[in-house]
Amino acid sequence: METAMLGQYGEVLFVPGHRACPGCGAALVVRLILEATGPNVIVVSPTGCLETFSSPYPYTPWGVPWLHVLFENAGAVASGVEVALKRQGLADRVRVLVIGGDGGTYDIGIGSLSGMFERGHDVLYVCYNNEAYMNTGVQRSSATPLGASTMTSPAGAHAWGQDRPQKDLPAIAIAHRIPYVATASVAYPADLVRKVKHAMAFRGPKYLEVHSPCPIGWGHDAAETIDLGKLAVQTGLFPLFEAIAGQPLRVRKIHKRLLVIDYLGRQRRFSHLFEDGANQDHLARIQAIADDNVIRLGLVDTVVAGRQSNEA
Amino acid sequence: MARSTVSVMEGSLAVAQAVKACRPAVISAYPITPQTHIIEDLAQMVAQGELDAEYIRADSEFSAASILAGASATGVRTYTASASQGLLLMTEVLYFLAGARLPVVLTATNRQVSVPLGLQPDHRDTMGCRDAGVIQLYVEDVQEAYDTHLQAFKIAENHHILLPTMVCMDGFVLTHVVEPVSILDQTEVDDFLPPYAPLHFLTPERPAVFGSYTDDANTLEFYYLTQQAVLNAKGVIEAVAREFQEAFGRHQGGLIDSYSTEDAEVVLLAMGSTVGTLREAVDVLRQEGIKVGLIKVRCFRPFPGEEIRQAACGAGIVAVFDRAVSFGYQGVLATDVKAALYDAPQGKRPWVLGTTAGFGGREVTLDTVREIVNHAHKVLDGHPDPADEVHFLGLKPELLRAVGKAQAGPRG
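From first to last, the protein sequence lines are chains W and U. Per numbering that gives the first Met the number 0, residue 0 is the first one in the first sequence, and the count goes up by one each step. Per numbering that gives the first Met the number 0, residue 0 is the first one in the second sequence, and the count goes up by one each step.
Please keep in mind that the hints were generated in silico from the structure rather than gathered at the bench. Fair warning: there could be bad hints in the mix.
[To be verified] Covered by chain U, per the in silico footprint, the following chain W stretches (three or more residues, Cβ under 8 Å):
id, segment
1, 53 to 65
2, 73 to 85
3, 105 to 113
4, 182 to 191
[As the list claims (entries may be wrong)] Over 10 Å on every C-beta distance to chain W, these chain U residues come out as not near it, computed from the model:
id, residue
5, F61
6, T73
7, E237
[Claimed, not checked] Anything over 12 Å on all C-beta distances counts as not near chain W; from chain U, calculated:
id, residue
8, T35
9, L116
10, F247
11, G275
Cβ coordinates follow ideal geometry from the N, Cα and C atoms, glycine included.
Please model the entire structure based on the sequences and the hints provided.
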């Protein structure tokens, strides 16, 4: 039995047995990323769910070298790993990845991430975005979407949850003029793997954001992780794109567009928006974010004067 | 005799020369006064091709230390320098470096901590990371700063230690002073300090994990091992000082230095640049027939309690010159000295007089020392201080009156 298990997972670089929750998007993201990169990488993770569930001493699911330093410095730590590899003449054979959550990326770690971008280190920074501080028990981050109820942005008689829109971190990454910025979703694994491989073809800093549903924090069944990931993309709330320096933005088109209520209505964090007496204006404001994404990024092919636009 | 050249240079340049001779692979830093000249000199050396190192200009001191954490974990020699707020910003990383056993060497150019914002050379900054598991060595003059940096890498990288090691030098007083310094030839330094041989490092050839999550079943053992590593440094620091002397013919190092303590009634005890002043003062007072001696605490962590006990036991009183106070208790150094002397044999335990000479950068002069020695004699004559007292020397009553009676004085 044991041998059979080992045989089954012998080539997998992030093996089962770790402590992620059932239906965790992040664990799947890590496995897919390492499938794309292969074994010659060093991974840095900031503090967060991934760090906690993958590193209880003396166990490890990691088949690659892995370094966790602190919450707010993964960009800097990865910079240091990269320069050390360069000094050792290993930079062509061993590449550096960061895999961290939105709290460590959008909020507390954004300074060291910006430094890593600006200095031009050859690092792929992957943010698995589950839209709140899940490791500490579902508190609001600057990646938490408008209207989501969390433990620190609770809905109540005088509040409808998170009352500010998300920070646009991919746009901040693009503003650093780094070679490659992209968004992906755990719900589209082939697209995710392709983007990781594409990113690794570039030298210099790369940023990849991966939408990653969290059953605990979002309030959905563990079996629905992939469905919800798809709905976020199909409603236009989480646009998938690639921004390669010097090239026009490439987006993944939405073929059958859905309304945001189809996505929001399946998650407990938005349930207050559907209660009796709920303010219809709130749903309209969230729909407006999706509409804006669709128009701004050209997510839906429109029929103009009898012909389809041919973008991407 | 070792080949060396005596040159007159600024303290910061001497430190940069020492660091260059140690051939760090990665340097990362962020500017803060009074550390800037060191990192500027190193930047020049890299720019001129005199030093072959990666020089990473970080976005903060926090990132500088984090960059070195990553580089050190990947198996190369690393260096940074900071002070004051910068050191406090690094402190979270220093705790990591100690726990992960990464031998980063750093220079702390001691400076006061805001507020009040200022540039005075006190020790509140380095005391703020006292408990991290960092080895702390305090130096007295520029030559010692140069020599100690050469030793620091050897101490830090010893496989029985593998800890971040901090060379503490009083800002301006030592960083910006110009003194003659004996600079060793590169080949001599290379013989003394071989290339870094990491025990554990990140490589895909042998995947390993740094920075695990632990719980109540295993955290205590990690702490125990860190404590053992810091304590191991006591023997290694002494051994490296002996090696240094054999190689270069001059003694520089060890845990403490004793000066005229054998028959001393009053022993002065200090760290850093104050020691130079006290050495002069001891000579003057001895000529006047006053039995006074001096203990220089060079290594603060690990704390040389046993060594201080042996050197001070014959004396009647130890007067501690503290450049840092743990507000609400006492001078930080004095507290540790008292703890060390508590274990002295019955009847041989000296009194301890806690003073803040040099705190806030207030100058320590011969008159300051006389005042303290006079006070010490009063204690010996049977007038001990109230328990836990710390003397703020040279307070200006007119300034205290200006902030109002409510705040200025002690309240009963």
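Quick rundown of the hints versus the structure:
no.	hint	result
1	53 to 65	holds (count 10)
2	73 to 85	holds (count 12)
3	105 to 113	holds (count 3)
4	182 to 191	violated (count 0)
5	F61	7 Å, violated
6	T73	3 Å, violated
7	E237	31 Å, holds
8	T35	19 Å, holds
9	L116	22 Å, holds
10	F247	28 Å, holds
11	G275	37 Å, holds
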